[in-house]
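Trainee: Each chain is listed here by its residues.
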Amino acid sequence: MSLPDYLFLFGGMGLATYLPRALPLLYLAHKKLPQWLIDWLSLIPVAILSALLAPALFTDSTTRQLEFGKLELLVAIPTLIFALKTRSLGGTVLVGMLLFWLGGFYF
Amino acid sequence: MTQPAESHIQTFREGAKAAWPICLGYFPIGLALGVLAQQAGLSWWAVALMSLLVFAGSAQFICVAMLAAGASISAIIFTTFVVNLRHTLMSSALAVYLAGVSRKFLAGFAYGITDESFAVNLTRFRQGDWDRWQALTVNQLANAVWILATITGSLIGQFVPQGAFGIDYALTGMFICLLVFQLQGRIYLVTALLAGTLSVGWYLLIPGDSYIVGASICAATLGYFLQRRYRSSK
Chain A
1 MSLPDYLFLF GGMGLATYLP RALPLLYLAH KKLPQWLIDW LSLIPVAILS ALLAPALFTD
61 STTRQLEFGK LELLVAIPTL IFALKTRSLG GTVLVGMLLF WLGGFYF
Chain B
1 MTQPAESHIQ TFREGAKAAW PICLGYFPIG LALGVLAQQA GLSWWAVALM SLLVFAGSAQ
61 FICVAMLAAG ASISAIIFTT FVVNLRHTLM SSALAVYLAG VSRKFLAGFA YGITDESFAV
121 NLTRFRQGDW DRWQALTVNQ LANAVWILAT ITGSLIGQFV PQGAFGIDYA LTGMFICLLV
181 FQLQGRIYLV TALLAGTLSV GWYLLIPGDS YIVGASICAA TLGYFLQRRY RSSK
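Just so you know, the sequences run in chain order A and B. Numbered according to our numbering, the first sequence spans residues 1 to 107. Numbered according to our numbering, the second sequence spans residues 1 to 234.
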């Protein structure tokens, strides 16, 4: 592909990425939001995080089937406990990486 | 300039402190994307252009795979749109904390809303010790690292060993901890369990990427009604 083709493709992808990120913010940040919407939106972060994580921990992404013995899941348990005890983001990331790295030698 | 230079440095430092787990996690993913893009025939400047204009990891991976498979440009753009629809939810949730901020700022800020920057910034906004400039710093640092990592990957990625130091787990570890930060009461725990279960079920039964948006909306809605019912029964 030539430069104009790339510009057209990535420009289009850029718009398709940018508009969903920008329009709700531009619209909602200048409106008085009803209480029910604020309550509902306050549950969205926890729901999204859990919805992103759960399939990565409990399923095999190539066969798209349930899987309970993945290293990702085994490491997630001590990592979760560490996060609950210390509430340290940086520490949790490093502990998770270390355990995943070490686990890789045995798995 | 009305602000002293020191406070700019302070803002940058706070932003960088919050952004480093994201940067750490983006690096191996960006490298991997660069390698795949190079194998699919994209040169480094095309990779740079893509990361600059698009900045959406999963959409970029899909784009490279579709280009390699010979898909049409319109099909790739449409797929990008569908994959990134989940960001409407994140953008809406951030609006609560950016109420009344100038549209110019918001238009720039929106460019950098990714799963990871959203999760970090929203958590900090909720804790109450965060301002929009620090949040913007997180977005921009993550973006800079992403662009650099993808270019590096397209140039020398095939020589970098895979999975060193467990770096592939950085973002998972970050999401686990941010999820813990979000659990500020029973209703949040219930919503998280609902979302996780629904997401796995949806992922197993329905092809594609709709499981993230679908499970999040269903779980938040169920959680909302449970909370209302619980409140009114008291």
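Treat the hints loosely; a few may be bogus.
If you want the ones that stay clear, here's a sample from chain B, every Cβ over 10 Å from chain A, calculated [said to hold, decoys possible]:
hint	residue
1	Ile-9
2	Thr-11
3	Ala-32
4	Gln-38
5	Thr-80
6	Asn-84
7	Arg-86
8	Ser-91
9	Gly-128
10	Asp-131
11	Trp-133
12	Leu-155
13	Ala-215
14	Ile-217
15	Thr-221
16	Ser-232
Taking lysine-lysine and the BS3-like style, the derived pairs with C-alpha atoms no more than 30 Å apart in a straight line are [unchecked claim]:
hint	chain 1	residue 1	chain 2	residue 2
17	B	Lys-104	A	Lys-32
18	B	Lys-104	A	Lys-31
19	B	Lys-104	B	Lys-17
20	A	Lys-70	A	Lys-85
21	A	Lys-85	B	Lys-104
Just so you know, these hints were derived from the structure itself, not from any lab. Even glycine gets a Cβ: it sits at the ideal position worked out from N, Cα and C.
Trainee: Look at each hint and say if it fits the structure.
Mentor: To see whether the hints hold, each was checked on the structure:
1. Ile-9: 20 Å, holds
2. Thr-11: Non-interface label stands for Thr-11/B: nearest chain A Cβ at 19 Å, farther than 10 Å.
3. Ala-32: 14 Å, holds
4. Gln-38: 14 Å, holds
5. Thr-80: Check fails; 4 Å does not lie beyond 10 Å.
6. Asn-84: 5 Å, violated
7. Arg-86: 7 Å, violated
8. Ser-91: Label violated. Min Cβ-Cβ 4 Å, cutoff 10 Å.
9. Gly-128: 14 Å, holds
10. Asp-131: 15 Å, holds
11. Trp-133: At roughly 16 Å from the nearest Cβ of chain A, Trp-133/B sits farther out than 10 Å, so the non-interface label holds.
12. Leu-155: 17 Å, holds
13. Ala-215: For Ala-215/B, whose nearest Cβ neighbour in chain A is about 4 Å away, the distance does not exceed 10 Å, so it is violated.
14. Ile-217: With a cut-off of 10 Å, Ile-217/B comes too close to chain A, as the shortest Cβ separation is near 8 Å.
15. Thr-221: Not fine: 7 Å to the nearest Cβ puts Thr-221/B too close to chain A.
16. Ser-232: 13 Å, holds
17. Lys-104/B <-> Lys-32/A: 19 Å, holds
18. Lys-104/B <-> Lys-31/A: Holds - the C-alpha atoms of Lys-31/A and Lys-104/B are around 16 Å apart, at most 30 Å.
19. Lys-104/B <-> Lys-17/B: 26 Å, holds
20. Lys-70/A <-> Lys-85/A: 24 Å, holds
21. Lys-85/A <-> Lys-104/B: 41 Å, violated
The structure fails hints 5, 6, 7, 8, 13, 14, 15, 21 (numbered hints given earlier, in ascending order).
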